[in-house]
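Sequences are here, hints too, so could you generate the full structure?
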Amino acid sequence: MKKLSFWRYVTVAIMLGLIGTSILVQIVRIQNSPEVAGVTGQGAYIYKTFYPARGEIYDRNGYLLAGNKTVYEVGVDLTAIPAAKDAALKMESDIALAAQSTLGMDPATALSRITNAPAGTQYIVLQDYVAPDQADQFMTLQKNDTANPNGPNLSAVDFTAHLMRSYPENDLASTIIGYVTRDNHGYMGVEEKYDNILAGEPVTKLIPADPRQAVDYPKIEPGQTLILTIDRQIQASVEKILDDALVSTGASSGTIIVMDPKTGEILAMTSTPRMNLNDYTQVDQIFPGETPYDRAISEAYEPGSVAKIFTMSAALDNGTVKPGTIFLDTGTITVGGVQIHDWDNGAWGYQDMTGCLANSLNVCLAWVSTKMGNNAFYSYMQRFGLGQLTGIDLAGEVPGREKLPGDGDWSPVELGTNAFGQGVAITPIQMVMAASALANNGQMVYPHVLLAQVRDGHQSNMAPHIVGNPISADTAHTITTMLYNSLKRESSTALLDGYSIAGKTGTAQIPTSTGYDPDNINASFIGWGPIADPRFLVYVWLEKPQSNKAASVVAAPIFKQVIEKLVVFLGISPDQPLAKTAGQ
Amino acid sequence: MENVTQIVQHVRQAHWRVQRQWIGLFLLGLVAAAMVAGIYLNITVRATLAGREIIYLQNHLIDDQRANSDQETILAGLTSVESMQSRAEAMGFKPIDSGTITYIVVPGYVPQTSVDMSQPGADSQGQSQKPVLLPAYTKSLFDWITRTLVTSTSVGGQP
Numbered sequence: 133m134k135k136l137s138f139w140r141y142v143t144v145a146i147m148l149g150l151i152g153t154s155i156l157v158q159i160v161r162i163q164n165s166p167e168v169a170g171v172t173g174q175g176a177y178i179y180k181t182f183y184p185a186r187g188e189i190y191d192r193n194g195y196l197l198a199g200n201k202t203v204y205e206v207g208v209d210l211t212a213i214p215a216a217k218d219a220a221l222k223m224e225s226d227i228a229l230a231a232q233s234t235l236g237m238d239p240a241t242a243l244s245r246i247t248n249a250p251a252g253t254q255y256i257v258l259q260d261y262v263a264p265d266q267a268d269q270f271m272t273l274q275k276n277d278t279a280n281p282n283g284p285n286l287s288a289v290d291f292t293a294h295l296m297r298s299y300p301e302n303d304l305a306s307t308i309i310g311y312v313t314r315d316n317h318g319y320m321g322v323e324e325k326y327d328n329i330l331a332g333e334p335v336t337k338l339i340p341a342d343p344r345q346a347v348d349y350p351k352i353e354p355g356q357t358l359i360l361t362i363d364r365q366i367q368a369s370v371e372k373i374l375d376d377a378l379v380s381t382g383a384s385s386g387t388i389i390v391m392d393p394k395t396g397e398i399l400a401m402t403s404t405p406r407m408n409l410n411d412y413t414q415v416d417q418i419f420p421g422e423t424p425y426d427r428a429i430s431e432a433y434e435p436g437s438v439a440k441i442f443t444m445s446a447a448l449d450n451g452t453v454k455p456g457t458i459f460l461d462t463g464t465i466t467v468g469g470v471q472i473h474d475w476d477n478g479a480w481g482y483q484d485m486t487g488c489l490a491n492s493l494n495v496c497l498a499w500v501s502t503k504m505g506n507n508a509f510y511s512y513m514q515r516f517g518l519g520q521l522t523g524i525d526l527a528g529e530v531p532g533r534e535k536l537p538g539d540g541d542w543s544p545v546e547l548g549t550n551a552f553g554q555g556v557a558i559t560p561i562q563m564v565m566a567a568s569a570l571a572n573n574g575q576m577v578y579p580h581v582l583l584a585q586v587r588d589g590h591q592s593n594m595a596p597h598i599v600g601n602p603i604s605a606d607t608a609h610t611i612t613t614m615l616y617n618s619l620k621r622e623s624s625t626a627l628l629d630g631y632s633i634a635g636k637t638g639t640a641q642i643p644t645s646t647g648y649d650p651d652n653i654n655a656s657f658i659g660w661g662p663i664a665d666p667r668f669l670v671y672v673w674l675e676k677p678q679s680n681k682a683a684s685v686v687a688a689p690i691f692k693q694v695i696e697k698l699v700v701f702l703g704i705s706p707d708q709p710l711a712k713t714a715g716q
Numbered sequence: 007m008e009n010v011t012q013i014v015q016h017v018r019q020a021h022w023r024v025q026r027q028w029i030g031l032f033l034l035g036l037v038a039a040a041m042v043a044g045i046y047l048n049i050t051v052r053a054t055l056a057g058r059e060i061i062y063l064q065n066h067l068i069d070d071q072r073a074n075s076d077q078e079t080i081l082a083g084l085t086s087v088e089s090m091q092s093r094a095e096a097m098g099f100k101p102i103d104s105g106t107i108t109y110i111v112v113p114g115y116v117p118q119t120s121v122d123m124s125q126p127g128a129d130s131q132g133q134s135q136k137p138v139l140l141p142a143y144t145k146s147l148f149d150w151i152t153r154t155l156v157t158s159t160s161v162g163g164q165p
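In order, the protein sequences belong to chains A and B.
Be aware that the first sequence starts at 133, since it is given in the working numbering, and climbs by one per residue.
Be aware that the second sequence starts at 7, since it is given in the working numbering, and climbs by one per residue.
Simulated from the structure, these hints should not be mistaken for laboratory data.
Only a predicted model underlies this, so the values are computations on that prediction, with no experimental measurement involved.
Possibly wrong hints are sitting among the right ones.
What the hints assert, rightly or not - If you only want the chain B side, here are some residues facing chain A, beta carbon under 10 Å, derived:
#1 50
#2 53
#3 60
#4 61
#5 68
#6 73
#7 83
#8 86
#9 87
#10 102
#11 125
Built from N, CA and C at the ideal position, the CB exists for glycine as well.
Right under this line is the structure:
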C-alpha cells in the first residue's frame, strides 16, 4: 500500500515537474525567440531625427502672422513591391497612374522614380508638400483599391504628414516677417534673424525599437513663439496708405515706419514691393537684381532736408545757436570753396532758426554746421548713429555711410552739404532711431520688432533699451517746439486737427554717377506727436514721385493719413482744441 | 523513553517520508520559480503594452499638435485683416474718422498694450509647476521603504 502511494506521489511530481519545467522553458524560449525580437525590436536601435514644429509669430495683440499647416510626403515603400516581375510592374504602373490623377504628376516621371531607384533603396519620395485634400484623394484611392483585390494595387504607397510654414495674412508685414523655404530655413526679416529659436533644435537620437524602452524617447521642444511689436491693424492701414500713395504720386517705391519713440517698438513698417509669403518662389521676380527686400533697413539714400533736424539739434545742444538766433540769408554761402544755394535759389533775408527749419534753408543750415566746426558737427552725427547699423532685429540691415574728415573721399564742402542731408547715405531706420532722441527727452531708443518670446508657457518681454543720449532733454524739447512751430507757421499739410505735431519735410535730389538727377527727387517726412507726450514717430519716404517735386505736397499728406489712423488705433485723444470747436 | 526513541528511529528510517519531503520541496521551488517567471512575464507584457501605449500616445500627440496648428492657421486666415475688413464692410460698417470720436477719461483705467501668452502655472523658468508624473509612478520599492523609514524616524523631530 505504502509502495503504491509512493509511486503515485512520484508520478504526480514528475508530471507537475514536467509541466512546470515546460512552462519555464516556454517562457524563456518566447522571451528569446527571434519572432518576439522581431516584433519588439529587441536590441534593435534606429537613428531618428526629430524636427520640432517651427515657432509661431504673432502680432502684439495675439493675431497669428506666421503659423504652420499640415502637408504630406507621398512616398513608395519599395520593399512592399512584389518580387514577381509582372506583379511589380502592375503595382508600379498603378502607383504612377494614381499619382497622375491625384497629384498631377507626370506618370512617366513617377514610374521612373520608382523603377530607377538606386539599388538597396527601401523608400523613395514621389512628391512632398502635398496639400491635404490631394493626399486625401490618394488615400481614398488606396483604401478603395485595397478593398478590391482585382483593382489597382497601391498598398506600397506611404503618406507621412508634416508641417510647413503658413502665413494667414499673406503679404501683410511681409518685409518684416521674411519667409521660410522648404528646407525649413528662414530668409530675411524675423524668420532669418530668429531662425535658430524659431526652428528649435532638431534632435537625432538612437531610438530603441523595443516598446518597453519607449520612455527613452526624447522630448522635442518646439520652436519658441515670438510676439512682435507690430500691430496688424496699423500695419494693414499703413500698407494701404503707402500703396495708394504710390498710385496717386507715381512714386517708384515707398517706405513708412511707425515707431513708439519711448520704447523703440516698431508698430508698423512697410516698403514696396511686398510679396505673398505663401508663395516665396516668386521672390526673384518681385525683387529682381539689387532690389532690397526691405527698403526701411536695406536701402541707404540721401535723405535731404529731414536731416536738418539733427544739424539744428546738435547746434542747439552745442550752444552754437539758440532758437532766436538771427541769420541773414543772402541766398548763397561758400563752404570749402564751393557755393551752396537754397532749394529755390532765392535769398530769404533775416530768419530765426525756426524760420530756417520752416523754410528749409540750406544756406542757413550750412552756416550752422560751419559755425559748429568739423569736430563738433561730426561728433554729434556719430552720436545720432547716422551711417551706422542700428542693430534692429531684422536680417539684412545695411549701415549706409557718413563720410568723416580724414576719409579719403571726404571734402570740406561736405561739412556744409551734410548739414542739409546731402552727401550722406542713411537708411530710414537710422533716421527713425536718431529722431527718437528728439521725441524722447534726448534719449535715443533701440528700434526693435521683437516684443516677447514664449517658451514652455512663460512669456519673456523685451525691455526698452536706450542706446544713447546724443542731446539733452532741454534741447530735445526746444527742437520739438521749433519743429511744431515751423509746421504751424507753414500751415503744413501734415498737421492733423486737434493734435500737436512736430515734423520736417525732406526733398532731396537723387545722386547719380554723373551728378544729381534733374528729373527725380526723394520726398520724405518725419514727425512725432503729441509733442507733450509723444506716442508715435512716423517716417515717410517716397522715391521718385512724379505728381509733384515737393515733399510738402507729396509726403506730408501721407504722414497725415498715417497719423489719422494712428490716433484712432492707439486711442490718442486730441491735445489741442479742434478747429471746428475753436471757431465756434 | 525507549519507546519514544524507537518511534523516532522508525520515522527517520521511513524512506518514503524523506522522498515525499524532497518532492515537496522540489515542487515548492518549482511553483516559486513558475510564480516568479509568471510575474516577470506579466510585468514584461504590461511594460510592453505601456510602451506601445506611449508610442501610440506620442503619435497621437503629434497628430493633435498638427491638427491644432492647422486649426490655428485656418482660424487666423478667417480672421485676417483683409477678411475681417471685407466682412465688416459687407455688414455696413465704416472705418471711424478721428474727428468723430468722443473720448471719455476713465480714472484708473490702464489699457492693455500687448498680449500676454503666459500659461497659468508656468514659473519664471518656464517650467510647469505641476509634475507630469506622480512620484508613485517613478519611485522604486526601495525608495518607498527608505522614505517610509526616514519619515517614521523623523516624526516629531522638528522644533
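Checked hints:
1. Among the interface hints, the one on residue 50(B) holds; its C-beta lies about 7 Å from the nearest C-beta in chain A, closer than the 10 Å criterion.
2. Among the interface hints, the one on residue 53(B) holds; its C-beta lies about 5 Å from the nearest C-beta in chain A, closer than the 10 Å criterion.
3. Checking residue 60(B) against chain A: minimum C-beta separation of about 4 Å stays under 10 Å; hint holds.
4. The interface hint given for residue 61(B) is met, as the beta carbon of that residue sits about 5 Å from the closest beta carbon of chain A, less than 10 Å.
5. Annotation: interface hint on residue 68(B) holds; nearest CB of chain A at approximately 9 Å, less than 10 Å.
6. Taking 10 Å as the C-beta cut-off, the interface hint given for residue 73(B) holds, the closest approach to chain A being about 8 Å.
7. Residue-level restraint check for residue 83(B) holds (minimum Cβ-Cβ distance to chain A is 4 Å; threshold 10 Å).
8. Taking 10 Å as the C-beta cut-off, the interface hint given for residue 86(B) holds, the closest approach to chain A being about 5 Å.
9. Residue-level restraint check for residue 87(B) holds (minimum Cβ-Cβ distance to chain A is 4 Å; threshold 10 Å).
10. Evaluation of the residue 102(B) hint against chain A yields a held restraint, the C-beta minimum of about 6 Å falling below 10 Å.
11. With 10 Å as the threshold, the beta carbon of residue 125(B) comes within range of chain A, its nearest partner Cβ sitting at about 3 Å, so the hint holds.
Of the numbered hints stated above, none is contradicted by the structure.
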